[in-house]
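Asker: Sequence:
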Amino acid sequence: MEKARQLLRQTDGVSGGVSAQQRAQAHKISQDFEALFLGMMMKSMRATVGQDALTGGGHGEEVFRPLLDQEYAAVAAKRGVGLAPLIEKEIVRQEESRNNIKKSDKTE
1 MEKARQLLRQ
11 TDGVSGGVSA
21 QQRAQAHKIS
31 QDFEALFLGM
41 MMKSMRATVG
51 QDALTGGGHG
61 EEVFRPLLDQ
71 EYAAVAAKRG
81 VGLAPLIEKE
91 IVRQEESRNN
101 IKKSDKTE
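By the working numbering, the letter at position 42 of the sequence shown is numbered 42, and the numbering carries on one by one without gaps.
Derived by calculation from the structure, the hints in this document are not laboratory data.
Subject to a maximum C-alpha distance of 25 Å in a straight line, what follows is the list of computed PhoX-like cross-link-like pairs (lysine-lysine):
id: 1; residue 1: Lys102; residue 2: Lys89
id: 2; residue 1: Lys43; residue 2: Lys28
id: 3; residue 1: Lys28; residue 2: Lys78
id: 4; residue 1: Lys78; residue 2: Lys89
id: 5; residue 1: Lys78; residue 2: Lys43
id: 6; residue 1: Lys89; residue 2: Lys28
id: 7; residue 1: Lys103; residue 2: Lys89
Note that the coordinates shown come from a computational prediction; the quantities given were computed from them, not determined experimentally.
Let's have the full structure, built from the sequences with the hints guiding it.
Answerer: In structure tokens form, the structure reads like this:
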């Protein structure tokens, strides 16, 4: 019986829950958003410090530094700073609510 309930929960819109595919999409979206947020935060932080005396700046560093910061942000997001799970939980909650509304519209 429990196995049947699990299968029902995985079907799209039938039980009001979210499918495994929707959960995976929510997970990826939340991680991408966390990486974007961290990248913007690093860009703002980088703007507060002066030029590096060791490398001397230049055009190459202007091009390279944002790419490096973007990679730092992606790695930090994979390890997690706590924002992605909260976003994922909210996305899943909204999808479940949307599916419940669709289900109630079909029964009326």
